[in-house]
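Trainee: One-letter residues, chain by chain:
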Amino acid sequence: MNFSGLIQDFGPLTITGLAQGAIIALFALGYTLVYGVLRLINFAHSEVFLLGTFACIWAWELFGLDQNTAIPSVPAVIGLLVLGLVAAIVLSGVTALGVEFIAYRPLRKRNAPPLAFLITAIGASLFISETMGVITQRNIRAVPALIHPRDVFVIGNMHVTNLQILIIVLALVMMFVLDRFINSSRLGRGIRAVAQNPDSAALMGVNKGRVISLVFLLGGLMAGIAAVMYDLKVGVTRFDAGFLLGIEAFTAAVLGGIGNLRGALVGGLLLGLLQNYAASLFGTEWLHAASFVLLVLILLVRPTGLLGESLGRARA
Amino acid sequence: MSEPHIETPQEADAANARPVDQAAPTGKTTAVASTPVSDEERSGEVLLVVDNVTLRFGGVVALNEVSFSLRKGEIFGLIGPNGAGKTTCFNAMTGVYRPTSGGIRFQGESIVGKKKHEITRGGIARTFQNVRLFPEMTALENVMVGADAHHKTSVISALFRLPRFWREERSGRDRSLQLLRFVGIHERAGEVARNLSYGEQRRLEIARALATNPTLLCLDEPAAGFNPAEKEDLLALIRKIRDTGVTVLLIEHDMRLVMGVTDRIVVLEFGKKIAEGTPAEVRDNPAVIAAYLGVPTDAA
Amino acid sequence: MTEATSSTPEQTPAPAKKAKSDSGGVRGWFGRQSPVVRGVLMVVFAALAFLLPYVGEIPVIGPQIVTQGVDWPSALFNMSYYVLLALGLNVVVGFAGLLDLGYVGFFAVGAYTVALLTSPDSVLRTEWGWLAAVPVGLAVAMVSGLILGWPTLRLRGDYLAIVTLGFAEIIRIVATSTETLRGDRGFADIPHPPGTLADGKPMFGVADATPYYWLGLAVIILVILAVRNLDRSRVGRSWLAIREDEEAAEIMGVRTIKYKLWAFAIGAFIGGLGGVMFAGEQGFMNSGTFVLQFSILVLAGVVMGGAGNIAGAILGGALISYIPDRLRGIEDPIWHTDLFGFRFAIFGAVIIAIMIFRPQGLIPSRRRAMELKDREKEVAPIE
Amino acid sequence: MLLELQDVTLLYGRIQALHGISLNVGEGEIVALIGANGAGKSTTMRAISGLRPVAQGSIKFDGEDITKLRADLRVVRGVSQSPEGRGIFPGMTVRENLEMGAYTRRNRAEINQDLDRAFSLFPRLKEREKQVGGTMSGGEQQMLAVGRALMSRPKLLLLDEPSMGLAPMLIQQIFDIIVEINQQGTTVLLVEQNAQQALSRAHRAYVLETGRIVKTGTGAELLTDPSVKDAYLGVA
Amino acid sequence: NSDSGSDDTASGNCGYKLAFFGALTGPAANLGVNIEQGFELAINQYNEKKGSDCITVAKFDSQGDPGVAPGVARNLVADKKIIGIVGPAFSGESEAADPIFEQAGVPSISPSATRVSLSANGWKTWHRAVANDDAQGPAAGNYIKNVMKAEKVFVADDQSAYGAGLAEVVKKTLGTAVVATDKTEADGKQTDFSALVTKVVSSGATALFYGGYYQNAGLIRKALTTAGWKGTLVGGDGMKDPGLAKAAGNAAATGTIVTCPCSPPEKAGGTFVTDYKAKWNVDAGTYSDVAFDAANFMLQGIDAGNTTVEKLNTYLGATEYKGIANTYKFTPTGELDPKFIKVWAFKFDAAGNTIADQEVPAV
Ligand SMILES: Nc1ncnc2c1ncn2[C@@H]1O[C@H](COP(=O)(O)OP(=O)(O)OP(=O)(O)O)[C@@H](O)[C@H]1O
Ligand SMILES: Nc1ncnc2c1ncn2[C@@H]1O[C@H](COP(=O)(O)OP(=O)(O)OP(=O)(O)O)[C@@H](O)[C@H]1O
Ligand SMILES: CC(C)C[C@H](N)C(=O)O
Ligand SMILES: [Mg+2]
Ligand SMILES: [Mg+2]
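First to last, the sequence lines map onto chains B, W, S, R and L. My numbering puts the last residue of the first sequence at 316; the count rises by one with no breaks. My numbering puts the last residue of the second sequence at 300; the count rises by one with no breaks. My numbering puts the last residue of the third sequence at 383; the count rises by one with no breaks. My numbering puts the last residue of the fourth sequence at 236; the count rises by one with no breaks. My numbering puts the last residue of the fifth sequence at 363; the count rises by one with no breaks.
Wrong hints could be hidden among the right ones.
Here are the simulated BS3-like cross-link-like pairs (lysine-lysine), alpha carbons at most 27 Å apart as the crow flies [unchecked claim]: (1) L/LYS149 <-> L/LYS80; (2) W/LYS114 <-> S/LYS258; (3) R/LYS60 <-> W/LYS231; (4) L/LYS50 <-> L/LYS311; (5) L/LYS152 <-> S/LYS201; (6) R/LYS229 <-> W/LYS240.
Covered stretches of chain L (in silico footprint by chain B; criterion: 3 or more residues with CB under 8 Å from a CB of chain B, positions within the stretch not fixed) [to be verified]: (7) 86–96; (8) 115–126.
Since the hints were derived computationally from the structure, they do not count as laboratory data. Just so you know, these numbers come straight off a predicted model, no measurement behind them. All C-beta atoms in this analysis are idealised placements derived from N, C-alpha and C, irrespective of residue type, glycine included.
From just these sequences and the hints, can you work out the full model?
Mentor: In structure tokens form, the structure reads like this:
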């Protein structure tokens with residue numbers, strides 16, 4: 001164990017951890033939203049994210065950008081960023097809706113048992129990621145360089161870059177907006193009603209199908225944003241990027257209390273930090289093991305996650 | 001998904017009750033002035049003693065220093081307005097909740113803090129106010145789960161089909177079918193529980209509880225959802241159960257039924273005991289009339 | 001009170017029987033046969049299974065069945081350990097309703113124990129025979145089942161899922177990253193099962209996988225019998241009750257903790273069995289085998305086959321191994337690439353299709369089939 | 001007629017729960033539905049509110065054929081149900097549960113007015129405004145379910161055993177409430193095991209047996225009908 | 001070389017198959033495909049020269065997975081027309097599949113499996129056409145020490161048998177110059193390397209040796225550049241692939257050093273590099289050239305009339321063959337004769353290609 005390393009690098013590890021955690025948190029929202037309403041682990045959510053990472057790259061490539069082109073001017077960068085976000089959000093949103101429509105809706109209509117949903121979710125996930133695998137020949141896809149990381153401020157050896165700030169701020173803002181929406185809007189209440197008792201919700205005049213679609217869509221939007229952040233941060237994507245990060249996002253969702261939006265944020269940030277600290281302390285190879293150990297420990301003390309379940313339960 | 005919602009304690013603990021299995025904060029029961037074990041209790045005359053039990057949910061005091069005791073072989077009524085704490089009392093007795101203070105003794109032995117299945121095997125069985133069956137198991141299987149409470153077939157004897165397995169399987173099955181007949185739904189033995197109508201489900205619950213071979217049977221509003229004629233049958237059924245030697249504790253709002261069948265009654269209001277006595281005594285008690293009965297019973 | 005009411009026992013099992021014979025199709029027909037006929041059919045079925053390595057000899061259909069890119073007996077052996085895994089996972093998920101996403105962990109534990117005890121590469125340097133290591137491997141797997149089960153007892157449903165997934169990942173990471181378990185370098189020269197043929201050659205060699213398949217099949221048959229016995233007993237009922245409503249089950253006297261632990265332990269035992277067989281056939285293994293997708297695949301197999309049903313689990317387990325192997329070495333008509341590259345994409349689509357058309361699985365448990373048939377028609381109102 | 005059922009058949013898989021039910025409820029009426037356990041009363045209610053699709057027959061509401069209409073749209077048309085088993089939202093507070101009843105409505109002022117009415121009908125709900133529904137006692141949940149059904153200001157109110165689990169005093173009260181809201185213009189279809197009470201308040205009633213209507217008449221007629229008395233009222 | 005004129009000899013030595021065994025799909029497919037394409041190119045050229053489909057290419061996809069390999073290997077040996085194998089590509093699958101080839105007596109030449117212990121199994125039909133990891137590691141270490149003159153080196157690996165083994169040897173060679181170490185997940189198991197990057201940056205190292213494959217290496221290089229690290233990335237043959245520059249971006253990849261126990265194909269003259277590009281429309285990758293040589297070695301044996309597995313095996317064991325990447329001669333254990341072991345260092349240029357830098361001593 002390398003304590004001195006951890007102490008020495010504490011600053012840089014913290015900031016990278018937060019940026020990583022912010023992306024995980026946005027990604028985790030999709031799991032939490034769908035789980036909260038349908039009690040379903042939407043395995044295919046990782047592919048919703050995955051397609052977002054590709055959509056953004058495709059959009060930029062349309063403008064002739066690739067990773068070997070020079071960084072465009074500031075206004076162009078802003079425009080491209082917005083374009084990338086829109087592309088990712090649209091494709092992720094459409095994918096989320098599509099998955100719901102093709103893989104879940106037919107099952108719901110047939111009143112299938114919960115496990116069946118889990119398996120179609122796995123099927124959809126496999127199908128999408130493997131198809132992408134074939135299309136991209138399992139190669140990585142590089143992201144054009146858009147933002148040149150520049151230190152915005154430095155504390156000790158902690159260099160906080162413009163990119164990190166962008167990621168963290170955007171994630172927080174999105175979380176806030178979503179939280180407001182779910183908790184204070186009428187539709188938000190409808191979502192919670194469907195979560196708690198679908199039949200009764202119908203008797204109150206809630207359109208279940210629409211609510212479910214909405215939930216998938218919201219999850220997709222958040223995943224789309226997460227995807228762009230991921231592209232900017234990691235610089236490449238690959239057909240299995242969704243699966244890899246998806247496990248972490250799902251862990252984060254559970255850690256915070258699945259079904260609880262704020263839990264996803266807490267879980268995501270915590271996981272991002274912990275992974276970086278653990279990587280420094282034990283070595284990068286133990287990074288994932290550390291997050292699972294943390295998960296088990298937390299669930300032992302709080303069997304429903306740090307903040308507890310909430311979308312389907314008490315007050316969100 | 002479309003089932004009527006069943007209240008589960010997991011949901012209940014969203015507030016601050018403390019279901020026993022999650023009693024992380026060293027849920028010590030502070031015995032408030034608990035009465036010593038009486039001779040009657042020791043002799044087995046008294047089956048169950050609820051001793052000064054208080055149970056709080058955050059601000060709500062669901063049970064407030066409630067004490068009463070059940071004698072062996074009687075039918076005992078527990079009544080009171082909605083939200084008086086009757087179901088909570090059952091939950092405390094069957095280990096679902098742990099009393100904030102006070103003690104509960106069954107056959108002279110404290111059952112506070114015991115595991116739920118231990119309490120059941122010890123001889124207390126119950127039904128639920130909001131039906132809680134095993135929805136995808138057949139009616140017969142539901143009852144057999146109850147019957148299994150006293151079986152000893154181990155994983156090993158089930159694995160190798162030792163004689164005990166055959167013996168218990170056969171007797172359990174026969175007994176379960178008898179019980180289904182006893183509550184009047186034997187024709188639906190092969191139907192999965194969720195497909196039964198509400199009334200049928202309530203009957204199934206009684207059969208399942210009986211299958212555990214209880215000394216004390218606790219029925220939480222068994223007649224809800226029955227029409228008067230059916231209640232009449234239920235009344236006979238409860239008597240029949242008692243006649244087989246089972247003590248019955250009954251929560252019920254139907255006064256005709258309660259008055260007709262119970263030997264003694266305790267009345268709760270706002271978690272406090274406000275009266276205790278024979279049906280006749282209780283019926284004429286002004287406090288009970290004011291709090292609960294309103295106009296002297298709806299005798300038709 | 002039983003005595004009082006037992007006036008005329010009059011054996012009323014009629015309704016239950018009726019429900020059984022209601023179901024049509026092969027299963028219904030099978031259910032209606034006398035126990036003797038059923039027994040005979042089972043034996044014939046098992047015998048046919050033993051002859052599967054020669055199915056290629058059958059004209060016309062035979063060649064359609066056998067795999068092309070993979071040696072057919074090897075493919076059969078692969079199927080056999082997948083089937084074992086599916087059977088074990090079915091106990092945990094199908095019977096007890098404990099969602100386990102990390103089942104491959106037990107497979108790994110069984111295989112690694114054997115490797116550690118037998119391989120010359122192991123730090124233990126014990127170099128036991130395969131057979132001697134098997135009981136240890138199974139015991140360690142079972143214990144690891146308990147180790148996983150114990151802390152997770154209080155977790156419900158999907159929390160359990162992620163913890164089990166984490167458990168398997170931790171096992172994989174430990175296998176990859178610790179010196180003792182040799183990571184990617186792996187263990188070579190793991191001995192094969194013992195036995196010599198009349199001509200002095202070892203019964204279990206490297207060139208022919210058929211004996212391994214037969215061994216696997218024999219083990220499967222034993223496991224089926226055992227699991228079936230458990231299912232149709234107080235144990236199986238307790239599992240079901242736990243699956244349906246854990247607290248109500250406990251209040252009805254079911255010792256939920258005990259039975260959940262049993263489910264984990266039995267599941268782990270069977271998973272470990274798969275692992276020791278795998279190690280014995282391969283002779284070499286490293287950390288690369290125990291990827292998460294493996295667990296998820298087995299779970300998909302169980303549910304696709306029909307969770308809670310033994311025949312379903314067998315079929316599901318066999319299919320998830322067979323389909324990809326069968327796709328190997330076949331060219332797709334359009335791009336003329338090996339279809340194998342698409343295997344998981346195709347597989348994903350197949351899974352969705354199967355679940356949509358048979359949400360209860362290919363061979364649903366009788367109970368679930370009934371339940372589903374009932375539910376299906378009462379679909380939510382027309383939109 | 002506000003509600004007309006024509007030959008409605010309903011299946012639960014193999015089980016045929018309704019064998020061609022025809023009944024109607026006129027504007028401003030209280031109609032009661034009685035029958036033994038498993039007769040199909042709740043099933044009829046579910047067919048009307050749209051929770052289960054009917055296999056055959058038609059349902060007309062307010063002159064419109066709603067047979068194939070989605071449940072939530074029926075609410076918009078003015079059908080509201082207090083379901084069997086209460087069906088409250090266990091994780092929402094009492095107040096949120098009530099507000100869910102007004103989900104299809106927008107007029108805040110009216111909603112608040114109705115909230116106040118629900119609270120005054122059931123003071124216990126006011127007391128426990130912030131308690132989560134799932135922790136309420138059985139009877140309290142029943143009050144909540146009835147109160148919630150009223151919150152949508154329905155034209156037709158379907159009540160499935162509203163008196164179940166209520167204490168004697170409240171039973172009287174709940175029937176009074178039913179009559180009162182009926183007099184204020186809401187049509188009521190009522191399923192009750194408490195046939196005595198139900199029949200004496202209802203304008204008309206139907207008797208269900210194993211999925212068929214076997215008898216119909218005014219409340220008073222059925223109350224004195226010997227066979228009804230025998231089967232549903234018990235020996236008085 | 002036999003003349004293509006005589007039909008008799010041609011048909012007499014025709015109708016046989018040579019097999020490729022390795023990953024064509026799965027996470028490590030890229031490396032396998034490189035090798036397969038080199039192999040297939042050789043046979044195509046041979047057939048063209050003969051003017052007929054004399055020798056057939058048989059491809060066996062193991063996914064590089066030791067768990068899958070035995071079934072595929074048994075399938076391979078069932079085909080009696082196959083008299084030689086180029087492969088298995090990876091060391092892990094070699095452990096699982098080679099015993100089966102050995103028992104069937106089919107000779108194999110692996111162009112890439114570099115695990116040291118493979119030659120210690122006493123296999124008679126097994127050969128490898130490259131130096132093992134013991135040779136490459138010191139070379140890479142020496143290059144860092146003597147050519148780059150780096151004083152602070154960070155050593156990381158991907159925990160693969162190949163990568164970890166290589167990193168181990170490099171560490172030993174570098175001694176005290178190693179300031180810190182770390183391990184990552186294998187290819188396809190990780191995309192975000194920020195934890196490693198943070199460590200490298202704060203270690204103050206001017207060189208990072210990464211034992212692993214090109215895809216991870218490319219990702220790491222990209223992340224390092226993004227984080228502003230100015231040092232040099234060094235790696236082994238597993239990183240000698242244009243894929244590294246594809247992942248990292250040409251600018252970031254420029255200057256990355258990779259060693260390889262092979263010599264630059266352009267040095268060998270011939271038209272391999274252009275032929276390969278023409279046929280497959282991609283640049284030749286890691287070990288494409290060695291596979292090409294291995295296949296030609298076998299073809300030469302077949303041409304010489306060695307058309308049974310025994311004969312071909314004997315031929316391979318006894319002959320010295322000069323190919324485009326190297327000259328090959330096997331020791332009795334199947335290793336490449338030490339005197340032919342050459343390690344070269346290559347450098348990524350601004351176009352993402354690997355350019356031969358210099359030969360480095362492998363001691
Ligand atoms: N988990 C809980 N959290 C908060 N309050 C609770 C909880 N459980 C019960 N209560 C409250 O405690 C009181 C007693 O409830 P209980 O269920 O025992 O009533 P009851 O006498 O059975 O009433 P009913 O006749 O309506 O069934 C009620 O006011 C109820 O709202
Ligand atoms: N979800 C279901 N699936 C299958 N069968 C059902 C289902 N619900 C009810 N049934 C069956 O349909 C018939 C009618 O049930 P319903 O619930 O309408 O009766 P009910 O008249 O309301 O009875 P109760 O007085 O017991 O509530 C019963 O035989 C019941 O078993
Ligand atoms: C293709 C190569 C990079 C393989 C590597 N040398 C190994 O032994 O596994
Ligand atoms: Mg109650
Ligand atoms: Mg009903």
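Trainee: Output the indices of the hints that this structure fails to meet, ascending.
Mentor: Of the numbered hints given earlier, those the structure breaks are 1, 3, 5, 7 and 8, listed in rising order.
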